[in-house]
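K.L.:
Sequence:
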Amino acid sequence: MSMSKHSFKFIFNHVFLPPLLPGYDDEDEKDGEWPLERTLHRFVLETLESFIQKGSKETDEAWTVAISMLENWIELDKKGVVCKDTLARIISNIKAHGAAALYIRAQNCGWVAYYDKTGDKVILDAFEVSPRAKDVVAAPGSLLRQFPGQSVAISGSMLEDARFCTELSNTLARLSTEDVAEMIPSHPKPGYQSLKSGILSTLV
Numbered sequence: 001m002s003m004s005k006h007s008f009k010f011i012f013n014h015v016f017l018p019p020l021l022p023g024y025d026d027e028d029e030k031d032g033e034w035p036l037e038r039t040l041h042r043f044v045l046e047t048l049e050s051f052i053q054k055g056s057k058e059t060d061e062a063w064t065v066a067i068s069m070l071e072n073w074i075e076l077d078k079k080g081v082v083c084k085d086t087l088a089r090i091i092s093n094i095k096a097h098g099a100a101a102l103y104i105r106a107q108n109c110g111w112v113a114y115y116d117k118t119g120d121k122v123i124l125d126a127f128e129v130s131p132r133a134k135d136v137v138a139a140p141g142s143l144l145r146q147f148p149g150q151s152v153a154i155s156g157s158m159l160e161d162a163r164f165c166t167e168l169s170n171t172l173a174r175l176s177t178e179d180v181a182e183m184i185p186s187h188p189k190p191g192y193q194s195l196k197s198g199i200l201s202t203l204v
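Using UniProt numbering, the first residue of the sequence shown is number 1, and each one after it goes up by one.
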């Protein structure tokens, strides 16, 4: 894919380590009318599509799920704002797509839902996306992190409940833009950041 120098620098800094630590948040930067994050998403998607054509057929299903998840993410988060109607449709079709993902920006939270065909279950995961810079710098050694933060399983039949899908999408869309006081990260001790159980319970 063709991209501007500005977009290439953004991707390089987020895939590899930047030559200098940025002194500002670059998540709101744009290339034209689109956020630079979208360029990163498109780059990963096109790389996966190219890779799957050269891979073995035994792994095609797993990569197809990843591609579908990225396509839905791009459709869902076109300009940094989550469309709750699109999200409700994607959630209701998880059985067909295999998985769905969302970055809940205001809560620094990653949300992933994937379908387990063997048990007809949907696994919902919520986890902290990135630690604060001062926590990383304060860590005496490697910063240990665990993924996911919290998981729950629900029956696959719940995806047929339009009210459930709508309520879940409304909650996720709201949390992606609103700071909720009781869900703001707490810091029980220096050098460590944890999310209050409230946000994880709500998201999963």
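Be careful, since some hints might not be right.
What the hints assert, rightly or not - Keeping only pairs whose Cα atoms sit at most 30 Å apart, straight-line, the calculated DSSO-like set for lysine-lysine is: (1) 121 x 134; (2) 117 x 84; (3) 84 x 54; (4) 84 x 121; (5) 9 x 57; (6) 84 x 57; (7) 117 x 9.
Unchecked claim - Label-pair ranges, simulated between beta-carbon atoms: (8) 179 x 85: 33 to 43 Å; (9) 157 x 133: 19 to 29 Å; (10) 95 x 141: 10 to 20 Å; (11) 62 x 162: 38 to 48 Å; (12) 49 x 93: 14 to 24 Å; (13) 16 x 160: 20 to 30 Å; (14) 160 x 81: 37 to 47 Å; (15) 9 x 75: 32 to 42 Å; (16) 155 x 133: 15 to 25 Å; (17) 40 x 86: 34 to 44 Å.
Since the hints were derived computationally from the structure, they do not count as laboratory data.
On a predicted model such as this, the values are computed, not experimentally measured, just so you know.
Beta carbons: idealized from backbone N, C-alpha and C, even for Gly.
K.L.:
Is it true that residue 9 and residue 75 lie within 32 to 42 Å of each other by Cβ?
P.N.:
26 Å, violated
K.L.:
With respect to the beta-carbon atoms only, verify the hint that residue 95 and residue 141 lie 10 to 20 Å apart.
P.N.:
At roughly 43 Å between Cβ atoms, residue 141 and residue 95 fall outside 10 to 20 Å, so the hint is violated.
K.L.:
Residue 84 and residue 121 were given as a pair; does the straight-line alpha-carbon distance stay at or below 30 Å?
P.N.:
23 Å, holds
K.L.:
Confirm or reject the claim that residue 179 and residue 85 have a C-beta distance inside 33 to 43 Å.
P.N.:
23 Å, violated
K.L.:
Tell me if the beta carbons of residue 155 and residue 133 are separated by a distance inside 15 to 25 Å.
P.N.:
Given a distance of about 41 Å, which is not inside 15 to 25 Å, the answer is violated.
K.L.:
Within 14 to 24 Å: is that where the Cβ-Cβ distance between residue 49 and residue 93 falls?
P.N.:
Given about 20 Å between the Cβ atoms, the range holds.
K.L.:
Could you check the hint for me, namely that residue 40 and residue 86 are 34 to 44 Å apart, CB to CB?
P.N.:
At 20 Å between Cβs, range violated.
K.L.:
Given the hint that residue 9 pairs with residue 57, does the C-alpha gap stay at or below 30 Å?
P.N.:
34 Å, violated
K.L.:
Please work out if residue 117 and residue 9 have their alpha carbons no farther apart than 30 Å.
P.N.:
40 Å, violated
K.L.:
Does the Cβ distance between residue 157 and residue 133 fall inside 19 to 29 Å?
P.N.:
44 Å, violated
K.L.:
Decide if the proposed pair is consistent with the structure: residue 121 and residue 134, CA atoms, cutoff 30 Å inclusive.
P.N.:
Outside the cut-off at roughly 39 Å; violated.
K.L.:
Regarding residue 16 and residue 160, is the given constraint of 20 to 30 Å on their beta-carbon distance met?
P.N.:
Cβ of residue 16 to Cβ of residue 160: about 43 Å, so the range 20 to 30 Å is violated.
Hint check: violations occur at hints 1, 3, 5, 6, 7, 8, 9, 10, 11, 13, 14, 15, 16 and 17; the rest are consistent with the structure.
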